[in-house]
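> Below, each chain spelled out in residue letters.
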Amino acid sequence: DAKTTQPTSMDCAEGRAANLPCNHSTISGNEYVYWYRQIHSQGPQYIIHGLKNNETNEMASLIITEDRKSSTLILPHATLRDTAVYYCIVRVRATDSWGKLQFGAGTQVVVTP
Amino acid sequence: NAGVTQTPKFQVLKTGQSMTLQCAQDMNHNSMYWYRQDPGMGLRLIYYSASEGTTDKGEVPNGYNVSRLNKREFSLRLESAAPSQTSVYFCASRLTTSGVETQYFGPGTRLLVL
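Top line first, the protein sequences correspond to chains P and Y.
Quick note: the first sequence uses our numbering, first residue 1, plus one each step.
Quick note: the second sequence uses our numbering, first residue 1001, plus one each step.
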């Protein structure tokens, strides 16, 4: 799986959009970009994934650059409950791996009132 | 759906004691995983089970054994606990759909070995 690089931490004001960048310059054509988050003392939680196109669900939006070397997770209206560590993970197709998720250090996001 | 459940939530052991961490999922997933997370660190894979009846070692299997009792349950056993096994243990199961995977994690078991 390709390596990812994320900022160590970022702050966001409540109600504003939080834009979390991730670099994955060695990504291969068959690798997906996944985002998970871990709220303090809880298990990680899946947020969203994408391959080439931008994606949106009820939690967030994922913007992937045309060359796929970077992506941005957008939390459109951050709340205090979004304070967590956010992990960007690049993975091959599930059928080509036994599913070990490689969690890096992630980005600690703190949402402030 | 309860998702992935783990018991116990907390446990304190003395060095040399044994215990079994229980995990169950009600989502009919084939693959299940045990991770550990040390303070300030990322998750590391201990063991996984691709399907009922099969188990394989992950990154840090030493000191642990697992049992995939049935499709729902995947237990982790510490035969002789050591202080180095103080950690938070997470169980997960995996859903795969058209090449995409989603892992669902339990709430964790916090283990302290004295």
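Honestly, I wouldn't trust all of these hints.
[Claimed, not checked] Think about it this way: if two alpha-carbon atoms lie no more than 20 Å apart in a straight line, the pair counts; the simulated EDC-like pairs of lysine to aspartate or glutamate are:
| no. | chain 1 | residue 1 | chain 2 | residue 2 |
| --- | --- | --- | --- | --- |
| 1 | P | 100 | P | 55 |
| 2 | Y | 1014 | Y | 1026 |
| 3 | P | 52 | P | 31 |
| 4 | P | 69 | P | 55 |
| 5 | P | 3 | P | 31 |
| 6 | P | 100 | Y | 1056 |
| 7 | P | 100 | Y | 1052 |
| 8 | Y | 1057 | Y | 1079 |
| 9 | Y | 1009 | Y | 1073 |
| 10 | P | 69 | P | 31 |
| 11 | Y | 1071 | Y | 1056 |
| 12 | Y | 1009 | Y | 1038 |
| 13 | Y | 1009 | Y | 1059 |
| 14 | Y | 1009 | Y | 1026 |
| 15 | P | 69 | Y | 1038 |
| 16 | P | 3 | Y | 1059 |
| 17 | P | 100 | Y | 1079 |
| 18 | P | 100 | Y | 1059 |
Think of the hints as simulated: they come from the structure by calculation, not from any bench.
Note that the structure is predicted; figures quoted are calculated from it, not measured.
> Taking the hints in turn, state whether each one holds.
Each hint tested on the structure:
1. 100/P <-> 55/P: 23 Å, violated
2. 1014/Y <-> 1026/Y: 32 Å, violated
3. 52/P <-> 31/P: 10 Å, holds
4. 69/P <-> 55/P: 16 Å, holds
5. 3/P <-> 31/P: 11 Å, holds
6. 100/P <-> 1056/Y: 11 Å, holds
7. 100/P <-> 1052/Y: 17 Å, holds
8. 1057/Y <-> 1079/Y: Distance ~16 Å between residue 1057/Y and residue 1079/Y Cα, so the pair holds.
9. 1009/Y <-> 1073/Y: Distance of about 16 Å is within 20 Å: holds.
10. 69/P <-> 31/P: With a Cα-Cα distance of about 11 Å, the restraint between residue 69/P and residue 31/P holds, given a limit of 20 Å.
11. 1071/Y <-> 1056/Y: Roughly 15 Å separates the two Cα atoms, so the pair holds.
12. 1009/Y <-> 1038/Y: 16 Å, holds
13. 1009/Y <-> 1059/Y: 24 Å, violated
14. 1009/Y <-> 1026/Y: 19 Å, holds
15. 69/P <-> 1038/Y: With Cα atoms ~30 Å apart, residue 69/P and residue 1038/Y exceed 20 Å; violated.
16. 3/P <-> 1059/Y: 17 Å, holds
17. 100/P <-> 1079/Y: 24 Å, violated
18. 100/P <-> 1059/Y: Holds, because 10 Å separates the two Cα atoms, which is no more than 20 Å.
The structure does not agree with the numbered hints 1, 2, 13, 15 and 17 stated previously, though it agrees with the rest.
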